[in-house]
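Here the structure of chain Y is known, so what remains is to put chain G in place on it, guided by the hints.
Going down the list, the protein sequences come from chains Y and G.
Note that my numbering gives residue 100 to position 100 of the first sequence, counting from 1, and the numbers run on in steps of one.
When you read off a place in the second sequence, starting at 1, and then add 1000, the result is the number in my numbering.
Short derived list, chain Y residues pointing at chain G, Cβ under 7 Å:
1. K47
2. F50
3. S204
4. P212
Beta-carbon label-pair distances, calculated as ranges:
5. Y:L217 <-> G:P1206: 32 to 40 Å
6. Y:E60 <-> G:I1078: 18 to 26 Å
7. Y:T260 <-> G:D1055: 43 to 51 Å
8. G:L1168 <-> Y:L191: 39 to 47 Å
Since the hints were made in silico from the structure, they are not lab data.
Ideal Cβ placement from N, Cα and C applies to all residues, glycine included.
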Amino acid sequence: MAKRVLVYRHAGLTRATHWVNVLAFTILLMSGLNIFGAHPALYWGQKSTFAQPWLSIGAEERDNRAVGVTRVGGVKFETTGVLGYSGKLNARVPVAFPSWATIPSYRDLADSRRWHFFFAWLFVTNGVVYWLAGLIGGHIRRDLLPTAADVAPRNIWHEVVTHARLQFPKGEEARRYNVLQKGAYLAVIALLLPLMVGTGLTMSPGFNAAAPWLLDLFGGRQSARSLHFLSASLLVGFVLLHLFMVVASGTWNNIRSMITGRYAITAEEDAA
Amino acid sequence: MSAVPHRRGWLKAAGASLAGLWLAACDRITTNPRGAAVLASAEGLTRRAQRRVTDRKALAREFPASEISSDFRANGSIDPAESAYRAHVAAGFADWRLVIDGLVERPLSLSLADLRAAPGRSQITRHDCVEGWSSIARWSGARLGPLLNQAGLRKNARYIVFHCADSLEQTADGSGRYYESIDLIDAYHPQTILAYAMNGQPLPVPHGAPVRLRVERQLGYKQAKYVMRLEAVEDFAHLGRGKGGFWEDRGYEWYAGI
Chain Y
1 MAKRVLVYRH AGLTRATHWV NVLAFTILLM SGLNIFGAHP ALYWGQKSTF AQPWLSIGAE
61 ERDNRAVGVT RVGGVKFETT GVLGYSGKLN ARVPVAFPSW ATIPSYRDLA DSRRWHFFFA
121 WLFVTNGVVY WLAGLIGGHI RRDLLPTAAD VAPRNIWHEV VTHARLQFPK GEEARRYNVL
181 QKGAYLAVIA LLLPLMVGTG LTMSPGFNAA APWLLDLFGG RQSARSLHFL SASLLVGFVL
241 LHLFMVVASG TWNNIRSMIT GRYAITAEED AA
Chain G
1001 MSAVPHRRGW LKAAGASLAG LWLAACDRIT TNPRGAAVLA SAEGLTRRAQ RRVTDRKALA
1061 REFPASEISS DFRANGSIDP AESAYRAHVA AGFADWRLVI DGLVERPLSL SLADLRAAPG
1121 RSQITRHDCV EGWSSIARWS GARLGPLLNQ AGLRKNARYI VFHCADSLEQ TADGSGRYYE
1181 SIDLIDAYHP QTILAYAMNG QPLPVPHGAP VRLRVERQLG YKQAKYVMRL EAVEDFAHLG
1241 RGKGGFWEDR GYEWYAGI
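If we strip away everything but chain Y, and leave its shape as in the complex, we get (with noise of 0.2 Å):
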């Protein structure tokens, strides 16, 4: 008979930044949208090139009525509900992201820069919390670098298979991060949510003159503003799949694991 045993899976400094984590994302993600809404079109290089961005979000008059319409590059797109022209039907307003996605739900540039720059700073410092804590601690090293038999192309390909069929590892297997998640919380905390910071900062006037570097690296401050919206984009996705992954792997053990630490794992038989 296979015996269910509850393994302590997460330490509570990794509950604690992974819940403040959420929080902050969540408000970034909202006031951010709010912010993007001011001037809702995004550019490559030090300039904004008005008449070229290379995406935009806005709304159009088309056979006497009003649309959403999204643009990336030379296509078109009609958003209307969703992009450009949103909200209870008959009372649509001209905005680029919906009032349930935003911070303050109405559009106001002043208030979710405010609710920006402050979760930003809660942002910053948990994620510092977090990489000092998981590199003295060893979690990092421990937990999510890939070892050689992970990156093995046999076992890559194995994982692959697994995910894709929603079958997931048991007994032991099922006591650390599997390739995949290794790679896909790596990507996030080493790239991602770091490059958020770097191009937000870029975004600054200020910090400008503290670190021009910054310009270079990321080829000027409308560049700068484009990327943070793609890695933001790339961030939500993240998420939608993590929530997905959470769910199909078993929900409740999984956000007890992220509450308590406790996580329960099916013993093989004579594991004992």
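Just chain G now, kept in the frame of chain Y:
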């Protein structure tokens, strides 16, 4: 079979009400004075942190002429209607004078020719609107530091207030008049100039003729246009609605370095 749609409907309803509660809570914090004050407390942290990691004289990036915008956007006031200002435009700013007073030893009244003769600087810099866009231009103007030295700042002067000719909002009490303020660190920064020329031409009306401020390490709304008077003050609480500028009075940060 009917259990699944039922459950899905329940989950959807629960999710929607949670999201609604979350949004309502955020809106309430935003409009609550105490909530707003907590959120606003990050501004001081940002200002102190940026000032700590930035040399007082560290320069804003200057660009090659090839980066100058051909489509530099003008927003805010772009053609002030005030009759006093219209008269200056009609006269080509011949009688226009920039007043420097307040906490100074020697109040000054300077013509455009005086400003052009003062120690100056030309710089190709980026203008960053708080909305998110950027445009680049060459600005030429009189450096603010030497002008303040000429007027002789008193010991208790802490800020320079820029009084402008335009009203961006029509209000009964005059609080719609544009003004701005900066501290002495920015006032004495080598790139802080009173610009009278843009891309080699006299400053056009949409961009603040005859003179606008350039304080290059901050956002666009600090770059006051149509500047008429500089006032050295110890405190700006008695001006406008007390927050140090037109947009600051409407919720924006006084320190606009980010």
